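Number of protein chains: 2
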Amino acid sequence: MAYLFTPGPVPVPAFVMEAIARPVIHHRTEAFTTLYAGIQAGLQYIFQTDGFTGTMIGSGTYGVESAIYSLFRPGEKVAVIQVGKFSQRWADYSTLTGLEIIALEKEWGKGITSTEVVAQLESYEAIAGIVITHCETSTGVCLDLEEIALAVRQKFPDICILVDGITTVGAIPFYMDEWEIDFAVVASQKALMNPAGTCAFAVGERALLRLKSTHSSDFRNLYNYYQAGLRHEYPFTAPTQLLYGIGAALQIMKEEGLPLIWNRTHHAAKVFRDGVVALGGEIVAETPSDSLTAFRFPGKDNNYLKKQLAEKYDIHLAGGQGPMKGEIMRCSHMAGMDAEMMQMVLEKLEAILHLP
Amino acid sequence: MAYLFTPGPVPVPAFVMEAIARPVIHHRTEAFTTLYAGIQAGLQYIFQTDGFTGTMIGSGTYGVESAIYSLFRPGEKVAVIQVGKFSQRWADYSTLTGLEIIALEKEWGKGITSTEVVAQLESYEAIAGIVITHCETSTGVCLDLEEIALAVRQKFPDICILVDGITTVGAIPFYMDEWEIDFAVVASQKALMNPAGTCAFAVGERALLRLKSTHSSDFRNLYNYYQAGLRHEYPFTAPTQLLYGIGAALQIMKEEGLPLIWNRTHHAAKVFRDGVVALGGEIVAETPSDSLTAFRFPGKDNNYLKKQLAEKYDIHLAGGQGPMKGEIMRCSHMAGMDAEMMQMVLEKLEAILHLP
Numbered sequence: 091m092a093y094l095f096t097p098g099p100v101p102v103p104a105f106v107m108e109a110i111a112r113p114v115i116h117h118r119t120e121a122f123t124t125l126y127a128g129i130q131a132g133l134q135y136i137f138q139t140d141g142f143t144g145t146m147i148g149s150g151t152y153g154v155e156s157a158i159y160s161l162f163r164p165g166e167k168v169a170v171i172q173v174g175k176f177s178q179r180w181a182d183y184s185t186l187t188g189l190e191i192i193a194l195e196k197e198w199g200k201g202i203t204s205t206e207v208v209a210q211l212e213s214y215e216a217i218a219g220i221v222i223t224h225c226e227t228s229t230g231v232c233l234d235l236e237e238i239a240l241a242v243r244q245k246f247p248d249i250c251i252l253v254d255g256i257t258t259v260g261a262i263p264f265y266m267d268e269w270e271i272d273f274a275v276v277a278s279q280k281a282l283m284n285p286a287g288t289c290a291f292a293v294g295e296r297a298l299l300r301l302k303s304t305h306s307s308d309f310r311n312l313y314n315y316y317q318a319g320l321r322h323e324y325p326f327t328a329p330t331q332l333l334y335g336i337g338a339a340l341q342i343m344k345e346e347g348l349p350l351i352w353n354r355t356h357h358a359a360k361v362f363r364d365g366v367v368a369l370g371g372e373i374v375a376e377t378p379s380d381s382l383t384a385f386r387f388p389g390k391d392n393n394y395l396k397k398q399l400a401e402k403y404d405i406h407l408a409g410g411q412g413p414m415k416g417e418i419m420r421c422s423h424m425a426g427m428d429a430e431m432m433q434m435v436l437e438k439l440e441a442i443l444h445l446p
Numbered sequence: 091m092a093y094l095f096t097p098g099p100v101p102v103p104a105f106v107m108e109a110i111a112r113p114v115i116h117h118r119t120e121a122f123t124t125l126y127a128g129i130q131a132g133l134q135y136i137f138q139t140d141g142f143t144g145t146m147i148g149s150g151t152y153g154v155e156s157a158i159y160s161l162f163r164p165g166e167k168v169a170v171i172q173v174g175k176f177s178q179r180w181a182d183y184s185t186l187t188g189l190e191i192i193a194l195e196k197e198w199g200k201g202i203t204s205t206e207v208v209a210q211l212e213s214y215e216a217i218a219g220i221v222i223t224h225c226e227t228s229t230g231v232c233l234d235l236e237e238i239a240l241a242v243r244q245k246f247p248d249i250c251i252l253v254d255g256i257t258t259v260g261a262i263p264f265y266m267d268e269w270e271i272d273f274a275v276v277a278s279q280k281a282l283m284n285p286a287g288t289c290a291f292a293v294g295e296r297a298l299l300r301l302k303s304t305h306s307s308d309f310r311n312l313y314n315y316y317q318a319g320l321r322h323e324y325p326f327t328a329p330t331q332l333l334y335g336i337g338a339a340l341q342i343m344k345e346e347g348l349p350l351i352w353n354r355t356h357h358a359a360k361v362f363r364d365g366v367v368a369l370g371g372e373i374v375a376e377t378p379s380d381s382l383t384a385f386r387f388p389g390k391d392n393n394y395l396k397k398q399l400a401e402k403y404d405i406h407l408a409g410g411q412g413p414m415k416g417e418i419m420r421c422s423h424m425a426g427m428d429a430e431m432m433q434m435v436l437e438k439l440e441a442i443l444h445l446p
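Chains A and B are the protein sequences, given in the same order.
Here the first sequence is numbered in the working numbering, starting from 91 and rising by one per residue.
Here the second sequence is numbered in the working numbering, starting from 91 and rising by one per residue.
The hints are simulated quantities; they were obtained by calculation from the structure and are not laboratory data.
This structure is a prediction, so every number in the text was calculated from the model and none was measured.
Keep in mind that a hint or two might mislead.
No copy is singled out in the list; a pair is fine if it fits within one copy or between any two copies.
Unchecked claim - Straight-line alpha carbon distances no greater than 25 angstroms define the calculated SDA-like cross-link-like pairs of lysine to any residue that follow: (1) 167 / 187; (2) 438 / 388; (3) 167 / 446; (4) 167 / 188; (5) 175 / 326; (6) 438 / 185; (7) 344 / 111.
The task is simple: from the sequences and hints, build the whole structure.
Put into structure tokens, the structure is as follows:
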């Protein structure tokens, strides 16, 4: 069995997989509404919110695209922070949807500060929303979401703050309500320790007003998930087995507790980053996330190193994307990872580096 | 454990569930492309096509909506046969997407003939496509897809024929290529014997030209699935575990063979329909599908009968939708069902009917 250290998909605990493999239930039953009500409560804990939560069939990309589609109307002005492949994808999609984009761009590997964000936005009027990618999975850059969200909110009280929390919610501190975030998305195959196929979201009051102003009945309009979700139901056929998995993972996470999870993830990340530097490597991100580390060994064929790790030790890291394809490696610290597992990866990395 | 006779979700065989519960693989590996290539070949068999096949994360609704979105451009004229809840949904979505709809409507329970379809279309010019719901799951009405598709094709050689085969592909005869169908969709929780969460599609040459004329990078544009699928890859994060399940089901179905499956389903349906009528019941559909039967007992509280079956025998049928809510019951004959199982349901139905 392969050791998956890719920043999604992550290894799935047996407890979760066994839940997924339970006998199929119908989604219009009490068994389902009981399951879903539990998931919704579990998600409130993970997102740290008292607001509405729900899930959708789809990957994280689907979740963020659906949110953009459901929250904003063509012609509205939306700022999109772009610091890597995924945040770039949200900008592309926003443009496709007919939104007027304010691009807040930085080169890959760099972050952006709250001061920079506010300074760039000040020359605009009637900004409907901002899309913030908490951790840019392509480079491992983590933004200071708390500072950015609160600074933006202070300057633009009515702005709708949409956060891609795909590789952060459940992995590192995330406080939806305290940070006055309006909408956030996470995907199942990240800190939620599940197979890919579902994503989850949380909605605050301001975003809810936006959702309620639309009434289209199509699959990706999140208003439909809100309406049905109030009764702990799904607007369409529900992925019952995948939701069993989400329910099981949320139970495990509640038992361990977010402070311990965040701490374990932070410690694993620190051990890994220190180890990489000690081996002569570089961390790609200026402000690295604890959920994953993008790194490179200068002067080495990093793609070859990644392949050697997989072939010799069955340790699977992810490579780079876009301009960083072939140039970097990425290692996950989410979903049950700890410092000891990171030591194991570092040892094997060292062995590979010392090969003739 | 409940006996699921709902026309989706269906019971999932252990062989399929065990495949789903395998250790997680990454979707950018040879293990994945091997799995996906096998699925694509299996789908060609199920759809009876030499064309491109693929899967998506999503329910059947998502599949048909994505197809409409990906194949047609706003302003194009598309005919939509509407004979029940689901075909109505495709009309609503087409309108939402900006298509000009030609409504071919019939009351619920009735079908439509090829002569009627062609006669109604003849007064129009430049019709881009037609959306045909092979079996309308809300009423169990099966259209004569072969006749309709071939008649429409003869009159409109360039029309794009999009078929909702959600409750027919893999359950009853379906010949994508022979019937000159351009695009067809099926969902995992029907004849494919899998949990809900994925859907599959097949694309013919004419539809491919339409797909290729669009280049948007968003999640639901099927062109992206085509491009990546040529390399047996996914354009986004793939639902690896659900795809393991699809692969396992396609293997079972290939082993049994479509003629035997179709025959078994047909026999189960016939036994069930005859039994219902013998018990004093009525079949809702004028031209019933073999994949499911919608039926009612006149003068009885059909909703109460359905509940009694569930409470006393743990046998779960579906109820009616829209105007038929509370008025009818629906029983599946898909996904491993046989005549003996239908006899069992009939026996319990009889027992319930004779209760004081």
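Structure-based check of all given hints:
In this assembly of identical chains, the alpha carbons of residue 167 and residue 187 lie at most 25 angstroms apart whether taken from the same copy (12 angstroms) or from different copies (22 angstroms). Taking the closest pair of Cα atoms, residue 438 and residue 388 come within 25 angstroms of each other only inside a single copy of the chain (18 angstroms); across copies the shortest separation is 72 angstroms, beyond that limit. In the homo-oligomer, the alpha carbons of residue 167 and residue 446 never lie at most 25 angstroms apart, since the shortest distance is 55 angstroms inside one protomer and 65 angstroms across protomers. In this assembly of identical chains, the alpha carbons of residue 167 and residue 188 lie at most 25 angstroms apart whether taken from the same copy (10 angstroms) or from different copies (23 angstroms).
Taking the shortest alpha-carbon separations for residue 175 and residue 326, only the inter-copy value of 13 angstroms comes in at or below 25 angstroms, while the best intra-copy value is 31 angstroms. Taking the shortest Cα distances, residue 438 and residue 185 never come within 25 angstroms of each other, neither inside one copy (44 angstroms) nor across copies (57 angstroms). Taking CA atoms no more than 25 angstroms apart as the test, residue 344 paired with residue 111 passes in both settings, with 22 angstroms inside one copy and 23 angstroms between copies.
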